[in-house]
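Engineer: Residue numbers (UniProt numbering), protein chains in the order written: chain V, 1 to 381; chain P, 1 to 533.
Because the hints were derived from the structure by calculation, they are not lab data. Virtual Cβ for every residue (Gly too), placed ideally from N, Cα, C. One should not assume that every hint holds.
[Stated by the list, open to error] Here's a subset of chain V near chain P, in silico, CB distances under 8 Å, partners left out:
no.	residue
1	Glu27
2	Ile48
3	Phe49
4	Ile96
5	Leu97
6	Asn156
7	Ile190
8	Asn210
9	Asp233
10	Val244
11	Ser245
12	Pro300
13	Ala331
14	Met332
15	Gln333
The lines below spell out each chain.
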Amino acid sequence: MGRTIIKTIVSGLALALYSGAVSAEWEVNLTPGVTDISSSVFDLHMTIFWICVAIALVVFGVMFWSIFHHRKSRGAQAHHFHENTLVEVIWTVIPILILVAMAVPATATLVEMYDTDEAELDVQITGYQWKWRYDYLDQDLNFFSNLSTPREQISNEADKQEHYLLEVDRHLVLPVDTKIRFLLTSNDVIHSWWVPALAVKKDAIPGFINEAWAVINEPGIYRGQCAELCGKDHGFMPVVVEAVSKDEFQQWLAQAQAEKQAEAAAAERTWTLDELMQQGEQVYVRACAACHLPNGEGVPGAFPALKGSPIAMGDVAAHIDIVLNGKSGTAMQAFRDQLSATELAAVITYERNAWGNSLGEAVSPAQIARLLEPSTGEAEQ
Amino acid sequence: MSTLDTTLEQDTHAHHGPAKGLGRWLFTTNHKDIGSMYLWFSLLMFFIGGCMALMIRAELFQPGLQLVEPGFFNQMTTMHGLIMVFGAVMPAFVGLANWMVPMMIGAPDMALPRMNNWSFWILPFAFAMLISTLFMDGGAPNFGWTFYAPLSTTYAPPSVTYFIFAIHMMGISSIMGAINIIATILNLRAPGMTMMKLPLFCWTWLITAFLLIAVMPVLAGVVTMMLMDIHFGTSFFDAGGGGDPVLFQHVFWFFGHPEVYIMILPAFGIISQIIPTFARKRLFGYASMVYATASIAILSFLVWAHHMFTVGIPLAGELFFMFATMLIAVPTGVKVFNWVATMFRGSMTFETPMLFALAFVVLFTIGGFSGLMLAIAPVDFQYHDTYFVVAHFHYVLVPGAVFSIMAGAYYWLPKWTGHMLDERMGKLHFWLSFIGVNITFFPMHFIGLAGMPRRIPDYALQFADFNMVATVGAFIFGLSQLVFLWNVIACVRGGRKAEARAWEGAEGLEWEVPSPAPYHTFSEPPKLPESLR
Chain V
1 MGRTIIKTIV SGLALALYSG AVSAEWEVNL TPGVTDISSS VFDLHMTIFW ICVAIALVVF
61 GVMFWSIFHH RKSRGAQAHH FHENTLVEVI WTVIPILILV AMAVPATATL VEMYDTDEAE
121 LDVQITGYQW KWRYDYLDQD LNFFSNLSTP REQISNEADK QEHYLLEVDR HLVLPVDTKI
181 RFLLTSNDVI HSWWVPALAV KKDAIPGFIN EAWAVINEPG IYRGQCAELC GKDHGFMPVV
241 VEAVSKDEFQ QWLAQAQAEK QAEAAAAERT WTLDELMQQG EQVYVRACAA CHLPNGEGVP
301 GAFPALKGSP IAMGDVAAHI DIVLNGKSGT AMQAFRDQLS ATELAAVITY ERNAWGNSLG
361 EAVSPAQIAR LLEPSTGEAE Q
Chain P
1 MSTLDTTLEQ DTHAHHGPAK GLGRWLFTTN HKDIGSMYLW FSLLMFFIGG CMALMIRAEL
61 FQPGLQLVEP GFFNQMTTMH GLIMVFGAVM PAFVGLANWM VPMMIGAPDM ALPRMNNWSF
121 WILPFAFAML ISTLFMDGGA PNFGWTFYAP LSTTYAPPSV TYFIFAIHMM GISSIMGAIN
181 IIATILNLRA PGMTMMKLPL FCWTWLITAF LLIAVMPVLA GVVTMMLMDI HFGTSFFDAG
241 GGGDPVLFQH VFWFFGHPEV YIMILPAFGI ISQIIPTFAR KRLFGYASMV YATASIAILS
301 FLVWAHHMFT VGIPLAGELF FMFATMLIAV PTGVKVFNWV ATMFRGSMTF ETPMLFALAF
361 VVLFTIGGFS GLMLAIAPVD FQYHDTYFVV AHFHYVLVPG AVFSIMAGAY YWLPKWTGHM
421 LDERMGKLHF WLSFIGVNIT FFPMHFIGLA GMPRRIPDYA LQFADFNMVA TVGAFIFGLS
481 QLVFLWNVIA CVRGGRKAEA RAWEGAEGLE WEVPSPAPYH TFSEPPKLPE SLR
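Looking at chain V on its own, in the form it has when it is part of the complex:
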């Protein structure tokens, strides 16, 4: 009887361990990644790890041997030695030699990581609270990449999907076998752009530009996250890189550019209040609800309420101004470059007509488009 119980427990544990080993959920180590750099980083990691294991075996081995043999209960008598210059020198010099041996390959890898010359494609990455903006320099293409996990999953009202919190509405699409240079900066606080499979983690710092680079060897989708605490939704700004062949990349690029032009054209047509409200709600949830909350009530002391607020209920010009240009010295960002004219018009309309703010007036995309044009010119002067 006892035997069967033990047998059951042992086989149960074995099964648990086995299934643990095969499922990704018990992942215990760094990824070797998909670039040459990431694989040399992985090798460095494993080398230093095994060095530590070897030292641990020796040191803890001696320690536990002493604990076992030199205990009073076994009648051990304390010896009286308490100094020996030779051993002190030995256990100072040996670690130094090990460290030098480790420093050589580490330096080589680091030097390589800093060599951002001769890039074939430049992508500027800008951190925003709490999303990433990608600018394909010289390609006339830029877009924002937002978390696409539905809020219901986060609040446990819906089942979580495979890529929970690691999925975005627009991937950063990159070609393989191409030296891509990333130029990192930030619009507000410090963020850090990290994709483990590329072994790239670099801080995005407001007012400064950092550089990093990668040559991706294999097509695929590689996920990462913001690594530097950047405020409330720091845990909700993932990075998704989609590496495709060079040809596919060119096709994608052409299509994305065409879509962007179509969107600009849409601002010129007339929009009904209902259409604007419908799109406005989507934009609001994506861009505004993180701070002002889905019900528009905000967080007292941190993020003001929009419901019944003097701005959302007051002069429309002032409302448009704060959404387009932000409010300096606060967390309110300038959305003029983040959203299209249509999206801006829709979200302002939504804010003025939702949660009982029933003004009944619509802000037209064309009106916003006109506001965007001249001042972009001013900014360039």
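Chain V is fixed; fit chain P onto it per the hints.
Structural biologist: Frame of chain V; chain P shown alone:
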């Protein structure tokens, strides 16, 4: 010996014993009273900070947001860090120094007793102010205990000003405590106690005190710059006005890295007192221990940017800080080797203080290994700001600094209270803590390597299992600290009578006075015992 006994006789019958009532604690200049207050205060902060840690772990038990909002989660991580660093670990070490340094060097009290009173009494006010920010509009500081600008300036909640003032007060308290310890150790040693006969706990604290004086003003400087940026229109950390957010990190970590050693050097001292006692053998390599401590202290000023490998410092800087950081492994290794050599061919017993000391040596060393891994800059790009870092610094701070404080408390409790600890309860506390701490922090290495960033309230599904394990461990560890509280209270209230030399192998002046130590000790300079001559 006989002269010593007569002095003690006079002391016990001396005219000034402790005053009565609350006034005793408010106005005391007695190093033992002040030491006790520091220790009780730090225990209280340990429990408050611990509750915050449990709140963090409870939220992270499962993916999804269950208990707290992300904004409040950030307040918890920030306050947990600040309270544990400035409220629990540092005051505990100052408390131990207050109690033990005068008794170890044969001094009647600290050199500057009134300042001693003041440096303690600042702390309750500083922390009351810091904790009160939780109830303010916009909430408590939510930018991490490292409070990087501009998240802590332009984007900070209004309570940041109270936080800055609280940090200033803590800094003043620490500096005064440090001055006092230096003045005491340099001036009040018993005749014949040369520097190279100083107990190692005093040596490590002396060096720590110099570190404190060097870097606490830097912390004061950086929070003042924040204050100026927030309220007086300067732009130290704002590129828009010609400043640089990275400047903040340089100044902060110039304080912050020595601060790390401020929290571990006194621990080295405690462990170096305890291991020889229970191995019944003199500490191996006393002189090299002193030199190693001093080298670690000096190197601590040259490695700050290893916290900032990803901010984009130039290659030359990156290499310099990588090499300097790796170098710290050498003196730290020397210390570990010396402890092991002290045990080697000793005659060991394993009372509670020794168990904590041994766990310290093993688990601190594991924290040291991950530290060495983090020093390798190209690999640090993968480790930086992940749970691997969280695992690393919790290994050196919890089974490192905190275990050393508990080891010290168990070691000296007989001297403070006159009662021996109930060993069974002590061992229960040890094993629960040891198991709990490893279940909590070891899996964090794995989730960090697998890619989980730190300071996030919710996480992707592949991190779920280890997070659950860590949370279970955290509750085991947290709840088992109630056993510690029980043990301390039980020891104060009663127990087997402790002898002057409470532990068989204990050496040093503090074991020459009766247990409990009389209110005033060493009114006359003592003669050094045989072992110190």
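Engineer: Of the hints stated earlier, which fail here?
Structural biologist: Of the numbered hints given earlier, those the structure breaks are 5, 10, 11, 14, 15, listed in rising order.
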